[in-house]
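Generate the whole structure from the sequences, applying the supplied hints.
There are 4 protein chains.
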Amino acid sequence: MAVTAIAINCTLKSVGGEESSTDRMIGLLAEAFGEHDVRLAETLRIVDYNVLPGVTSNEGEGDEWPELRERILTHDILVFGGPIWMGQISSVAKRVLERMDAFLSETDEAGRMPSYGKVAVAAIVGNEDGAHFSSAQLFQSLNDTGWTIPAVAACYWVGEAMGATDFKELDEIPAKVSETVAMVAGNAAHLAKLLKDNPYPGQG
Amino acid sequence: MAVTAIAINCTLKSVGGEESSTDRMIGLLAEAFGEHDVRLAETLRIVDYNVLPGVTSNEGEGDEWPELRERILTHDILVFGGPIWMGQISSVAKRVLERMDAFLSETDEAGRMPSYGKVAVAAIVGNEDGAHFSSAQLFQSLNDTGWTIPAVAACYWVGEAMGATDFKELDEIPAKVSETVAMVAGNAAHLAKLLKDNPYPGQG
Amino acid sequence: MAVTAIAINCTLKSVGGEESSTDRMIGLLAEAFGEHDVRLAETLRIVDYNVLPGVTSNEGEGDEWPELRERILTHDILVFGGPIWMGQISSVAKRVLERMDAFLSETDEAGRMPSYGKVAVAAIVGNEDGAHFSSAQLFQSLNDTGWTIPAVAACYWVGEAMGATDFKELDEIPAKVSETVAMVAGNAAHLAKLLKDNPYPGQG
Amino acid sequence: MAVTAIAINCTLKSVGGEESSTDRMIGLLAEAFGEHDVRLAETLRIVDYNVLPGVTSNEGEGDEWPELRERILTHDILVFGGPIWMGQISSVAKRVLERMDAFLSETDEAGRMPSYGKVAVAAIVGNEDGAHFSSAQLFQSLNDTGWTIPAVAACYWVGEAMGATDFKELDEIPAKVSETVAMVAGNAAHLAKLLKDNPYPGQG
Numbered sequence: 001m002a003v004t005a006i007a008i009n010c011t012l013k014s015v016g017g018e019e020s021s022t023d024r025m026i027g028l029l030a031e032a033f034g035e036h037d038v039r040l041a042e043t044l045r046i047v048d049y050n051v052l053p054g055v056t057s058n059e060g061e062g063d064e065w066p067e068l069r070e071r072i073l074t075h076d077i078l079v080f081g082g083p084i085w086m087g088q089i090s091s092v093a094k095r096v097l098e099r100m101d102a103f104l105s106e107t108d109e110a111g112r113m114p115s116y117g118k119v120a121v122a123a124i125v126g127n128e129d130g131a132h133f134s135s136a137q138l139f140q141s142l143n144d145t146g147w148t149i150p151a152v153a154a155c156y157w158v159g160e161a162m163g164a165t166d167f168k169e170l171d172e173i174p175a176k177v178s179e180t181v182a183m184v185a186g187n188a189a190h191l192a193k194l195l196k197d198n199p200y201p202g203q204g
Numbered sequence: 001m002a003v004t005a006i007a008i009n010c011t012l013k014s015v016g017g018e019e020s021s022t023d024r025m026i027g028l029l030a031e032a033f034g035e036h037d038v039r040l041a042e043t044l045r046i047v048d049y050n051v052l053p054g055v056t057s058n059e060g061e062g063d064e065w066p067e068l069r070e071r072i073l074t075h076d077i078l079v080f081g082g083p084i085w086m087g088q089i090s091s092v093a094k095r096v097l098e099r100m101d102a103f104l105s106e107t108d109e110a111g112r113m114p115s116y117g118k119v120a121v122a123a124i125v126g127n128e129d130g131a132h133f134s135s136a137q138l139f140q141s142l143n144d145t146g147w148t149i150p151a152v153a154a155c156y157w158v159g160e161a162m163g164a165t166d167f168k169e170l171d172e173i174p175a176k177v178s179e180t181v182a183m184v185a186g187n188a189a190h191l192a193k194l195l196k197d198n199p200y201p202g203q204g
Numbered sequence: 001m002a003v004t005a006i007a008i009n010c011t012l013k014s015v016g017g018e019e020s021s022t023d024r025m026i027g028l029l030a031e032a033f034g035e036h037d038v039r040l041a042e043t044l045r046i047v048d049y050n051v052l053p054g055v056t057s058n059e060g061e062g063d064e065w066p067e068l069r070e071r072i073l074t075h076d077i078l079v080f081g082g083p084i085w086m087g088q089i090s091s092v093a094k095r096v097l098e099r100m101d102a103f104l105s106e107t108d109e110a111g112r113m114p115s116y117g118k119v120a121v122a123a124i125v126g127n128e129d130g131a132h133f134s135s136a137q138l139f140q141s142l143n144d145t146g147w148t149i150p151a152v153a154a155c156y157w158v159g160e161a162m163g164a165t166d167f168k169e170l171d172e173i174p175a176k177v178s179e180t181v182a183m184v185a186g187n188a189a190h191l192a193k194l195l196k197d198n199p200y201p202g203q204g
Numbered sequence: 001m002a003v004t005a006i007a008i009n010c011t012l013k014s015v016g017g018e019e020s021s022t023d024r025m026i027g028l029l030a031e032a033f034g035e036h037d038v039r040l041a042e043t044l045r046i047v048d049y050n051v052l053p054g055v056t057s058n059e060g061e062g063d064e065w066p067e068l069r070e071r072i073l074t075h076d077i078l079v080f081g082g083p084i085w086m087g088q089i090s091s092v093a094k095r096v097l098e099r100m101d102a103f104l105s106e107t108d109e110a111g112r113m114p115s116y117g118k119v120a121v122a123a124i125v126g127n128e129d130g131a132h133f134s135s136a137q138l139f140q141s142l143n144d145t146g147w148t149i150p151a152v153a154a155c156y157w158v159g160e161a162m163g164a165t166d167f168k169e170l171d172e173i174p175a176k177v178s179e180t181v182a183m184v185a186g187n188a189a190h191l192a193k194l195l196k197d198n199p200y201p202g203q204g
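Residue numbers (my numbering), protein chains in the order written: chain C, 1 to 204; chain H, 1 to 204; chain X, 1 to 204; chain F, 1 to 204.
Source of the hints: derived by calculation from the structure; they are not laboratory data.
There could be a bad hint or two in this list.
[Stated by the list, open to error] Now the in silico label distances, taken between C-beta atoms and shown as ranges:
id, chain 1, residue 1, chain 2, residue 2, range
1, X, Glu35, H, Gly60, 54 to 60 angstroms
2, X, Gly34, F, Arg71, 48 to 54 angstroms
3, X, Ala175, C, Asn50, 36 to 42 angstroms
4, F, Tyr49, H, Glu42, 46 to 52 angstroms
From a predicted model like this one, the values you see are computed outputs, not experimental measurements.
Note that the Cβ used here is the ideal one computed from N, Cα and C, for glycine as well.
In structure tokens, the structure reads:
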């Protein structure tokens, strides 16, 4: 069975057509996935949708999360992308994590959440510091809501302390970033295939 | 000079008139402040306003943060109230922190942010676990944006691991919570008065 | 190939023979692993060994980490157990994470760390609050150092806010804890077997 | 009354006489304090002492924390210095925080811990990323144990993502770091003086 991926970009900026730094990191991952026959189907820029605050899968009128939720769960790999603000992952990312809280009560007869057997990795960018705090927030929340985290699952870039450079402004991708991207994509592809062919059995 | 306080409630729920668990904790603090001649002027339920994503003080058309920002900065003490979701502070709280990022570039001639000399405390509630993670997120962000944190600045309540009780459902306020509330209010009142009378000088 | 597990207990207390609350949680996992034909070979109580501060695999004279490191890497599943202090994972746990930092430079020809293909889960206990902060710290660090985190990888128990009850004093294991333990063990066993039979390929 | 400061350096390295990167940051703060008539009396390199694991103020035979505790509490300002490892504050720092847990039960007749009225700031260095996660851990723990956190209380430096440069190797101190150091020292000096002259009253 072929494995596919989807990305979410939790930038705060709703700028039609303009690439964000998070997009650039997601783009690198998309290329790297290609070398493992994994297609990154699309990137959802969350801020362009009306994702209502709440912890259920449908918060009623105007809520666009139900559609996003369905598109995310169509795929085997989730690239959770977002920028760092105030040293932590963005509020848009946190909102997505809150909406996934509903998975905890959407288990099947074997106690498995809709995310079971799916793999999540992080794509984090910032001007300076906060990548580890962000991946800690993400991995804890994603794991609580049923996602599996492959070895070395965080691609990130930040500049020197209190710097102001954006990742998208870099003339060249640092070698360390390229190597990490390659490893993250390879590990995620491998693990997603394994789990797709051999789902978690859950509790009898 | 009299000292006044304001609270923000970062619940995810926009329920007209209904008290949230966060409201209840804020209410306890309001009472305790009263014993120190500090009036808690109002509680802003953030989710009822259109606070746009971003990191400036005005994100343009429809943004209601400028008004909230002004009301918050009128007072000497900020009670930063919010619920825990996924073991962390709510996305609504994170959005407020992001909007305060703008303070970093709104310094006066002595390098002081609009929050300098103001005191912040936390009021955190959840069904289970996450209060320390939340206060860590809050204190780091609030301190970065110029707020002063008095000794013992976190009031919190959570139930046993994986529990489902709401703070507002408790028949009685646990003694430990009441004692902490009294201490938090007393320390904040004392420190806010000191700093109001003796502002940080900033850099010459 | 049979899969085996090992546990580390990062309690601060060196009490010969006495069960700690962390031991009790590890014991529940050991039983649950038994139902999946996974043997938990032993529990290393880290505080009983002389683990020197540092970030290499051998910090010289008197350092007992090299021996612990070898025993840990003999197995397919690591149960990372520890108590919460000050709302965060213990200093003993942090020391172990620091010593695993060395894995980053101990890669094979395909760029794989010694932990690649191994699975880690968390067993966290405390009197009150801090389990999510602790699992965030653990999952970020363990993932950085090459461990794979199965779906729902954290068993934890904490009491009500500012409480003083120990997990080992509970007359009965709460149902939610038992259910989580069963799920954690089942998921870890399944994933460890998959990865043992189908190792990450690494980078060519 | 004159105000004095003390620093702790929570490096993992016990290297007689050699300056660590943390020492360099502490040195900058010491100079800056001088401009506010605050003397930084000494720096305690914690790893050179036998600080036993535990959460009391005296863990028995061989424990050198009691002496360190006394020296720390002699002063009005604590510079809590430490390196980042695995994106988080060092295990040596965490051990110190755990030992301060005892303050919670060492209150006077007005409910005040030994740290009440004292001010704490952070001095954090690392090769790359983790300063905000570290200051979040520090500010939450220090605040829980009675310390007051002045506005802008974190001096830090980290290099670009996945870099390997040490702060002590920099030819020149970045301007942003110098400015932050000056602000941190000025704010801490001001607040410590205020609180020394006007102690928290505590609960009657």
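Structure-based check of all given hints:
1. Glu35(X) <-> Gly60(H): 54 to 60 angstroms: 58 angstroms, holds
2. Gly34(X) <-> Arg71(F): 48 to 54 angstroms: For Arg71(F) against Gly34(X), whose Cβ atoms are near 51 angstroms apart, the range 48 to 54 angstroms holds.
3. Ala175(X) <-> Asn50(C): 36 to 42 angstroms: Check passed, 38 angstroms falls within 36 to 42 angstroms.
4. Tyr49(F) <-> Glu42(H): 46 to 52 angstroms: With a Cβ separation near 50 angstroms, Tyr49(F) and Glu42(H) satisfy 46 to 52 angstroms, so the hint holds.
Of the numbered hints given earlier, the model fails none.
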